[in-house]
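Engineer: Protein sequences appear in the order of chains A and B.
Using the working numbering, read the first sequence as starting at 1 and increasing by one per residue.
Using the working numbering, read the second sequence as starting at 1 and increasing by one per residue.
Keep in mind the hints are simulated off the structure, nothing from the lab.
Given the structure is predicted, the values throughout are model-derived calculations rather than measurements.
A portion of the hints provided could be inaccurate.
For chains that are exact copies, the list does not tell them apart, and a pair is met inside one copy or across any two.
[Claimed, not checked] Okay, derived cross-link-like pairs now, EDC-like style, lysine to aspartate or glutamate, Cα gap no bigger than 16 Å in a straight line:
#1 K327 / D451
#2 K327 / D54
#3 K371 / E276
#4 K172 / E248
#5 K172 / D224
#6 K429 / D48
#7 K429 / E322
#8 K429 / E276
#9 K371 / D332
#10 K172 / E51
#11 K172 / E37
#12 K429 / E324
#13 K371 / E179
#14 K255 / E390
#15 K429 / D386
#16 K429 / E179
#17 K429 / D197
#18 K285 / D206
#19 K172 / D381
#20 K327 / D415
Protein chains: 2
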Amino acid sequence: MSADTFREDLHRVADWVAEYRENVASRPVLSRTQPGEIARALPDAAPDDPESLDTIIRDLDDILLPGITHWTHPRFFAYFPANNSEPSILAELVTAAMGAQCMSWQTSPSATELEHVVLGWLGDLLGLPDGFEGVIQDTASSATLVSILMARERATGGRFRTQGAGAEGADKLRVYASEEAHSSVEKAVFLSGIGSDNLRRIPVTDDLAMDPDALDDAIRADRDAGLVPCAVVATVGTTSTLAVDPVEQIGHVCKEHGVFLHVDAAFAGSLAALPEMRWLMDGVKLADSFVMNPHKWMYVNFDCSAHWVRDVELLLQTCAIEPEYLKTARDDDVRNYRDWGIPLGRRFRALKLWWVLRSFGADGIRARLRKALTLAEGLEDRVRNDPDLEVVTPGRLGLVCFRPVREALGPAILDHVNNSGEADITHTKIDGRFTLRWHTAQGLTTEEDVDTGWAALRRAIDAASHE
Amino acid sequence: MSADTFREDLHRVADWVAEYRENVASRPVLSRTQPGEIARALPDAAPDDPESLDTIIRDLDDILLPGITHWTHPRFFAYFPANNSEPSILAELVTAAMGAQCMSWQTSPSATELEHVVLGWLGDLLGLPDGFEGVIQDTASSATLVSILMARERATGGRFRTQGAGAEGADKLRVYASEEAHSSVEKAVFLSGIGSDNLRRIPVTDDLAMDPDALDDAIRADRDAGLVPCAVVATVGTTSTLAVDPVEQIGHVCKEHGVFLHVDAAFAGSLAALPEMRWLMDGVKLADSFVMNPHKWMYVNFDCSAHWVRDVELLLQTCAIEPEYLKTARDDDVRNYRDWGIPLGRRFRALKLWWVLRSFGADGIRARLRKALTLAEGLEDRVRNDPDLEVVTPGRLGLVCFRPVREALGPAILDHVNNSGEADITHTKIDGRFTLRWHTAQGLTTEEDVDTGWAALRRAIDAASHE
């Protein structure tokens, strides 16, 4: 393709992108397509001959867009957000153009050194204690898996890596997390070969946070039974309700028993950038690893998960491998992030984090976070004042969980809201009871969006009540 | 940010990108920066206040670009390429703007259905046998890990997942790959909890491909010893030299012994799009899974690894987990790709593959692949005719391995070439002997680039010879 054609095409797509972002609020949030509808609209085979950008953009608009659930829509209140922002989109474009594969320092020194530096910036912004070294993983799932693998190796003196299931003590490892911990913890436990039966779910207290005394009891009972407590995963902001485990107390339990502590703050971790929310980091000084996702609430495109570990040597013993064809003359003097995680190849993910932190500045990040918290508090008030609803967990961290007083209406209300196209919310179960979740952390969300979403919710309640 | 400002910024960065691509050939291929140099040029902390796009682009140009190794440079002959292309860059921009997180069908039906459809296109293009279902993973490393985990579960009746190292037979699993297989195989074996000691390295024949008789012997010996042969990884195009394991013979051995067969065609798999190279797929009909990377040689940005499996049920038994907060009303009718791999969150990676296949067309892809092969054959001739060099493995698949007749000069020649900034090549060891690698598969490489790279190589040989 000629340089001029590419330049033209880029500007054409830039206009598409500007328009998409400007008008995303006019689209239904949740896609209304039926299973198989998109697939049926697509041809069975790749074309033999080149097709024009016109044709591709036409199909993007006509076929694909109706099947997109718009995660950047200001009324995307579902799950946790996978935020982006204007500076992040610009950075992703540059990243794609450079196409650098940043597995080793030498394969793009800027990528490695920027990753190190910008994770330092981020750690300072969050009040991360000294003594951690950071790496960007794709997701918190992968970060948690790496941490569990590190714990596995620490508990077996590195023998799980070499001897596998046959290593002495390999069949005695136990991992602990609260009943409310994310599914990625269980997944890490079974992928790593520890086995899901060996994950002990620790009961929670009334606030849905881990009971540290129950943890201590469980660890003691396991030790007494000849088992090997290996890792605890504490959660700062659970997925269902943003419950915050008492990390400091948990940390002391871990220290006492010599157990690896991983802290999962995937969503709520960003809030630690606010001095008034710095308490979220209490006890992290006792942790062996910590993860939070800039792609969730630091306005950086998915995927970008910030993972800090205390013992880099252990991380390398867990993940590193050095075939001849990857060796470089610099290996002794530099970080080779390929050895800090699961995949070998790596995108230049630090660029977007750098770009966003600079474009917004720390104060700009804090202002955006505070705006979201204010919206959540307002939403909580509305729920509290609505005779048909009750607050299940409050909005202090940006997510309100609630349910209808007529509890059986929950699923129907959910469907009505989401089918309206006006808003997208999701659900969970708390104590087995169907509960609605609504966060206000999408970067474009305004007070008017909460108003509009609220009106859709009210209509949904009325409709469900009359069915 | 106002819509107008964003539009302006996008066009500004679009111009930067167009210029970068137009002029990338004028930059040194391998970054010349020293360890720590980039980090020292960056501030210690994020700014408090927003910084302008001007400032950010200035630092991108002045600080970061000198530390980039330019993977899209037409004289990037190193490793395997992480290709991109103009249509792929456009698609990445759209992907970033939409910011969809495609873990579930419902979180963007188009992403799931396009992924399914476009992997069908790609499979047809490559002559993949019927009976496979595809998913896009980030890298072949991750795909191979997933396949090894599937094999682990198959061999233990799903008990490794639940019982871990304590499962009956968990300590008896053995995995087989050739001495030349990629390091990701060993990594998958130790991450999965099978243990690196339980990877049997099968000897290779003169062409550096796995000896299927030696494989058969090893499996028989292990069975006789009461061990459980669990998986074989065959390689179509090894990393060092592009050796092709005899997959058909290996497949029959696997069938006979009931062993899971994974085929790693990460780089060379793209070539199967050429009828004259379709033999690369021989025996894949006997495989349980197959991986090739569109991001290596199908002109699609990293990361995009196409992973096909035969037994989706086994894949789901291996990776799926379904907490309440991820359930949707559609789960029984749709694919939820979150359950087909390691991380939960997923980028909309299918879009760039679709965009590239349509923009180039199948014939366009084939023309580009053939151009690269012609360049490699020309390079092989040059090496063969140079009295100072000898061909180690031929260029038939796009990579030439060679070494100086004065073998000890190898490392110095490598350094001279790479320090020249004119070209970037890498090395491996074959039978313990230092060997240079030079591929011609970067999308922008022309005959003139091979000329220029050759001149740099000749100067490097002369310089090294006189030291």
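Engineer: Taking the hints in turn, state whether each one holds.
Structural biologist: Now for the hints, and whether the structure bears them out:
In the homo-oligomer, the alpha carbons of K327 and D451 never lie at most 16 Å apart, since the shortest distance is 57 Å inside one protomer and 27 Å across protomers. In the homo-oligomer, the alpha carbons of K327 and D54 never lie at most 16 Å apart, since the shortest distance is 45 Å inside one protomer and 37 Å across protomers. For the homomeric pair K371 and E276, the shortest alpha-carbon distance inside one copy (14 Å) is at most 16 Å, but the shortest distance between copies (61 Å) is not. When the C-alpha separation of K172 and E248 is checked against a cutoff of 16 Å, the pair qualifies neither within a copy, at 26 Å, nor between copies, at 41 Å.
With identical chains, the CA atoms of K172 and D224 are at most 16 Å apart within one copy only, with a shortest distance of 12 Å there and 29 Å across copies. Taking identical chains as interchangeable, the C-alpha atoms of K429 and D48 are never at most 16 Å apart, the minima being 50 Å within one chain and 40 Å between chains. Proximity of K429 to E322 under the C-alpha cut-off of 16 Å is restricted to the inter-copy arrangement: shortest distance 13 Å between copies versus 45 Å within a copy. When the C-alpha separation of K429 and E276 is checked against a cutoff of 16 Å, the pair qualifies neither within a copy, at 30 Å, nor between copies, at 57 Å.
With identical chains, the CA atoms of K371 and D332 are never at most 16 Å apart, being 46 Å at best within one copy and 38 Å at best between copies. Taking CA atoms no more than 16 Å apart as the test, K172 paired with E51 passes in neither setting, with 58 Å inside one copy and 53 Å between copies. Taking identical chains as interchangeable, the C-alpha atoms of K172 and E37 are never at most 16 Å apart, the minima being 49 Å within one chain and 47 Å between chains. In this homomeric assembly, K429 and E324 come within 16 Å of each other (Cα to Cα) only across copies, at 6 Å, whereas the closest approach inside a single copy is 51 Å.
Taking identical chains as interchangeable, the C-alpha atoms of K371 and E179 are never at most 16 Å apart, the minima being 31 Å within one chain and 57 Å between chains. In this assembly of identical chains, K255 and E390 lie within 16 Å of each other by CA distance neither inside one copy nor across copies; the values are 40 Å within and 59 Å between. Neither within a single protomer nor between protomers do K429 and D386 lie at most 16 Å apart by alpha-carbon distance, with minima of 21 Å and 72 Å respectively. Taking identical chains as interchangeable, the C-alpha atoms of K429 and E179 lie at most 16 Å apart only when both belong to the same chain, with a minimum of 12 Å there against 50 Å between chains.
Taking identical chains as interchangeable, the C-alpha atoms of K429 and D197 are never at most 16 Å apart, the minima being 22 Å within one chain and 44 Å between chains. Taking identical chains as interchangeable, the C-alpha atoms of K285 and D206 are never at most 16 Å apart, the minima being 26 Å within one chain and 55 Å between chains. Within a single copy, K172 and D381 get their C-alpha atoms no closer than 49 Å, and across copies no closer than 59 Å, so neither meets the 16 Å cut-off. Taking the closest pair of Cα atoms, K327 and D415 come within 16 Å of each other only across two copies (13 Å); inside a single copy the shortest separation is 55 Å, beyond that limit.
Hint violations for this structure: numbers 1, 2, 4, 6, 8, 9, 10, 11, 13, 14, 15, 17, 18, 19, all remaining hints satisfied.
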